[in-house]
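Protein chains in written order, with this note's numbering: chain A, 1 to 200; chain B, 201 to 289.
These are computed hints drawn from the structure, not numbers from a lab. Note that CB positions come from ideal geometry on N, CA and C, so glycine has one too. Honestly, I wouldn't trust all of these hints.
[What the hints assert, rightly or not] Chain B residues, not near chain A, derived (Cβ > 10 Å throughout):
#1 203
#2 204
#3 206
#4 207
#5 258
#6 266
[As the list claims (entries may be wrong)] Just so you have them, the derived chain B footprint on chain A, three or more residues with Cβ under 8 Å:
#7 7 to 16
#8 19 to 25
#9 43 to 52
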Amino acid sequence: MERSFATDANSALSSARAIGRLSLSEPMRQLINEDPHNVRDLFRLLVYWSDKFVMMQYTRQDDDASSSSSSHHNNNKNSNNDNPQILLNIILRCAFCLGNLTSSNDSNRKFVVLRFGGDNSMGGILSGLTASYMRENDDSPEKPLLADTLVKLTRLIANICINREAAIGLAVSTGIDSLGSLLMIVIENEKEVRVGVSEA
Amino acid sequence: MAKLLDESIDSFNIQQNVDDTISDMLEVLVSSLLNAFRILTGISDKQIKAAMLKNKLPVILCKSLQGLPDTNNACRYESREMATDCYVH
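Could you build all of it, start to finish, from the sequences and the hints given here?
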């Protein structure tokens, strides 16, 4: 049974929002860095909610195929663990937080990949979210949030890769090649914008 | 406020039971903390940050993340001593 305050989406979002805001300041980051468990717990939060989100997206697709009339999430507070926007907000803020913590601390870069399992899970998170982004319709409310989350995740990967050992660990991570797919999406979008401008 | 938050999280971590009251309180406390940066309270941003640092607020908040599962046994480090050995500030 999961026993953590952070398995409740509302609580996890509150904590991630606050830590994200505080992690913008170097003295606050130094406080967090005093205990590596803090970085580990933040990374586990990212992995936990990314898994939930990706699994939920797959389940939702199946539900959509079988029934198009049902509503997937309501406004009940207890159902926020199934609200994709809340989940994406948690993932976004975790990635932002870890991005800040790896921007100025080389040990954190190594910790995330070589000690806390980033080499196992980072590629999976990236490919899961990239696949979700590609599946979403352009008018979906989750699409802009997914794009922001992918930006923060890419920033985290870029910060981690400043460290050579961590970069090597990430380079062999399954799913990290999704960065190529992301780049193709950006290039395609850029082409569409250019065509739109030249036609106007 | 930091003390109240700390005690609430400790209380949860001991009971290991997601209590809506504690969850709501955390939400309100965190919103208040974030608003402290936005609303003109007569206290400067520097003073707010100093108070947060003094009360080790980021560490208190990180305590609320404890206990999450180690998905796929990804984490190969559990001992704080092991970490401290290679942790450079």
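Check your understanding: Counting residues of the region 43 to 52 of chain A that have a beta-carbon nearer than 8 Å to any beta-carbon of chain B, does the count reach 3?
Key -> holds (count 5)
Review point. Quick check: the region 19 to 25 of chain A, covered by chain B? Criterion 3+ residues, Cβ under 8 Å.
Key: Holds, because 5 residues of the region 19 to 25 of chain A bring their Cβ atoms closer than 8 Å to Cβ atoms of chain B.
Point to revise | Status of residue 204 of chain B, Cβ more than 10 Å from any chain A Cβ | key: Non-interface label stands for residue 204 of chain B: nearest chain A Cβ at 14 Å, farther than 10 Å.
Exercise for review: Would you assess whether residue 258 of chain B, listed as outside the interface, keeps its beta-carbon beyond 10 Å of every beta-carbon in chain A?
Suggested key: violated (5 Å)
Exercise for review: Find the nearest Cβ of chain A to the Cβ of residue 207 of chain B and say whether that gap is larger than 10 Å.
Suggested key: Consistent with the label, residue 207 of chain B stays out of reach of chain A, its closest Cβ about 13 Å off (over 10 Å).
**Study point:** residue 206 of chain B and chain A, when compared Cβ to Cβ, separated by more than 10 Å
**Key:** holds (13 Å)
Review point. Any Cβ of chain A at or closer than 10 Å to residue 266 of chain B, or is the non-interface label fine?
Key: violated (6 Å)
Practice item. Would you check whether the claim that residue 203 of chain B is not at the interface survives, using Cβ distances to chain A and the 10 Å cut-off? Key: Fine: 16 Å to the nearest Cβ keeps residue 203 of chain B off the interface.
Check your understanding: Taking a Cβ-Cβ distance under 8 Å as contact, does the region 7 to 16 of chain A have three or more residues in contact with chain B?
Key -> With 7 residues in contact (Cβ-Cβ under 8 Å with chain B), the coverage given for the region 7 to 16 of chain A holds.
Checked against the numbered hints given earlier, the structure breaks hints 5 and 6 and satisfies all the rest.
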